[in-house]
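S.K.: Sequences are here, hints too, so could you generate the full structure?
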Amino acid sequence: MLLVADGKLSLNDPVRRWFPDLTGASQITVRELLNHTSGYPDHYPQSYPAGPKGAAASPDRIINEWGHHQLLFSPGTQFHYSNLEYEIAGRIVEKVSGEPLFQFMQEHIFGPLQMTSTMDLDTIPDGSTALATGYVQNALAPLQPAPYEGPGWSFGSGQVVTTAEDVARWDAAFLQHRVLPEREAAEEVTMARLANGGTYPSALGLFVSRENSPIRYYHTGEGLGFEAINLIYPEAHMAFVVLTNTNAKATYLKIANQLTYLLVPPNKDEIFARKVFADLQNGQPDRSVFSEDLNKYMNDAMLAEYRSSLGSLGPVQSFTGTSAHVTDGLETRDYNITVGGHSLKLHLLLLPDGRLEDAAITGASTD
84 MLLVADGKLS
94 LNDPVRRWFP
104 DLTGASQITV
114 RELLNHTSGY
124 PDHYPQSYPA
134 GPKGAAASPD
144 RIINEWGHHQ
154 LLFSPGTQFH
164 YSNLEYEIAG
174 RIVEKVSGEP
184 LFQFMQEHIF
194 GPLQMTSTMD
204 LDTIPDGSTA
214 LATGYVQNAL
224 APLQPAPYEG
234 PGWSFGSGQV
244 VTTAEDVARW
254 DAAFLQHRVL
264 PEREAAEEVT
274 MARLANGGTY
284 PSALGLFVSR
294 ENSPIRYYHT
304 GEGLGFEAIN
314 LIYPEAHMAF
324 VVLTNTNAKA
334 TYLKIANQLT
344 YLLVPPNKDE
354 IFARKVFADL
364 QNGQPDRSVF
374 SEDLNKYMND
384 AMLAEYRSSL
394 GSLGPVQSFT
404 GTSAHVTDGL
414 ETRDYNITVG
424 GHSLKLHLLL
434 LPDGRLEDAA
444 ITGASTD
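Each step along the sequence shown adds one to the number in the working numbering, with nothing skipped, and position 229 is 312.
Calculated from the structure, these hints are not laboratory results. Hints are not guaranteed to be accurate.
DSSO-like mimics (lysine-lysine), calculated; alpha carbons at most 27 Å apart, straight line [as the list claims (entries may be wrong)]:
1. K91 to K136
2. K428 to K337
3. K379 to K358
4. K178 to K91
5. K428 to K332
6. K337 to K358
7. K136 to K332
8. K332 to K379
9. K379 to K428
10. K428 to K358
11. K332 to K351
M.R.: This is the structure:
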């Protein structure tokens with residue numbers, strides 16, 4: 084986006100400008116690389132360094148091999164997360180800037196933001212004390228150190244190794260509008276527009292959620308023995324960075340969701356949903372917000388079951404909106420809730436006048 088701001092390339096430039104022989108190079112744009120709608124397959128779908136991935140490979144070798152595969156779909160019609168797209172994008176940055184990718188980022192991002200602990204994965208020797216050890220788990224066996232991949236396989240998509248503090252420096256600059264000029268900053272968080280006129284919540288390097296919770300920009304990351312998430316809440320002017328050195332459990336998501344619940348002010352829809360859940364947990368709902376049909380359906384016996392099964396679980400640990408949409412005049416809002424070691428789902432269906440036509444808590448499972 085810095086190169087876009089400098090007028091050195093356009094998001095609408097076709098890939099053929101730099102890689103004329105790749106599949107779909109005349110139809111696929113830089114924008115479609117960055118929002119994962121190009122149709123290119125992923126060159127690294129495995130969760131381990133399979134076969135040649137244990138040895139070094141140049142980005143051009145990887146691009147030349149996987150970039151000539153058949154597209155998964157017509158460009159701009161669907162979303163498919165592909166690390167190959169960022170491998171290609173990284174090489175485009177190098178071709179346009181005339182610099183190695185990490186050097187360009189160091190000069191224009193990491194250096195100015197004083198991200199002094201940020202390193203290039205491909206230049207860190209195996210076993211270096213500068214890199215935390217990642218751990219993996221086979222079934223329920225003990226944790227063990229994760230294997231290493233060869234240099235080059237994460238170029239452009241996962242080659243940056245950093246700390247929570249350095250990511251927080253970037254987040255602070257993002258929230259203060261110091262990373263990009265205004266126009267490019269707006270582009271960075273604009274959801275992908277598909278060929279059928281719909282959208283997908285993938286922007287340019289970030290995902291966007293504008294549904295039934297406060298607006299958030301985010302991206303997760305997963306490597307061999309590592310998982311992470313960076314969550315930005317622009318309206319609350321907050322960001323959370325969670326880095327973990329195991330992918331045995333989704334611990335990073337639990338931590339992030341709990342921090343969000345504790346610290347980010349909920350919007351009016353979530354405030355309403357939280358109250359509905361709390362009232363059902365206590366077996367004492369506000370029937371004035373129920374429709375006539377729901378009032379008839381949710382009888383005293385059902386409320387007693389809610390109270391007996393949920394009342395002893397204690398306070399909520401996390402409350403996350405997962406989807407919201409309107410169909411035939413009825414609005415659906417769904418939430419994931421963690422309480423007392425259980426993962427629950429709250430489903431709400433609202434009439435046009437705001438009354439609840441349906442409210443159900445399901446999906447309990449013990450962690």
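S.K.: Holds or violated: K428 and K358, Cα atoms, limit 27 Å.
M.R.: holds, 14 Å
S.K.: Run the distance test for K379 versus K358: straight-line Cα separation, threshold 27 Å.
M.R.: holds, 20 Å
S.K.: Quickly compare the C-alpha distance for K379 and K428 to 27 Å and report which way the hint goes.
M.R.: holds, 22 Å
S.K.: With a cut-off of 27 Å on the C-alpha distance, tell me whether K337 and K358 pass.
M.R.: holds, 22 Å
S.K.: So if I understand the rule, the pair passes when the alpha-carbon distance is 27 Å or less; does K136 with K332 pass?
M.R.: Given pair K136, K332 holds - Cα atoms ~24 Å apart, limit 27 Å.
S.K.: CA of K91 to CA of K136, is that 27 Å or under?
M.R.: violated, 33 Å
S.K.: K332 and K351 were given as a pair; does the straight-line alpha-carbon distance stay at or below 27 Å?
M.R.: Violated, at roughly 32 Å.
S.K.: Going straight from one Cα to the other, do K178 and K91 come out at no more than 27 Å?
M.R.: holds, 11 Å
S.K.: So if I understand the rule, the pair passes when the alpha-carbon distance is 27 Å or less; does K428 with K337 pass?
M.R.: holds, 15 Å
S.K.: If you draw a straight line from the CA of K428 to the CA of K332, is it 27 Å or shorter?
M.R.: Holds. K428 to K332 sits at ~20 Å (cutoff 27 Å).
S.K.: Decide if the proposed pair is consistent with the structure: K332 and K379, CA atoms, cutoff 27 Å inclusive.
M.R.: This hinted pair is violated, its Cα atoms lying about 42 Å apart.
Violated hints, in rising order: 1, 8 and 11; the structure is consistent with all others.
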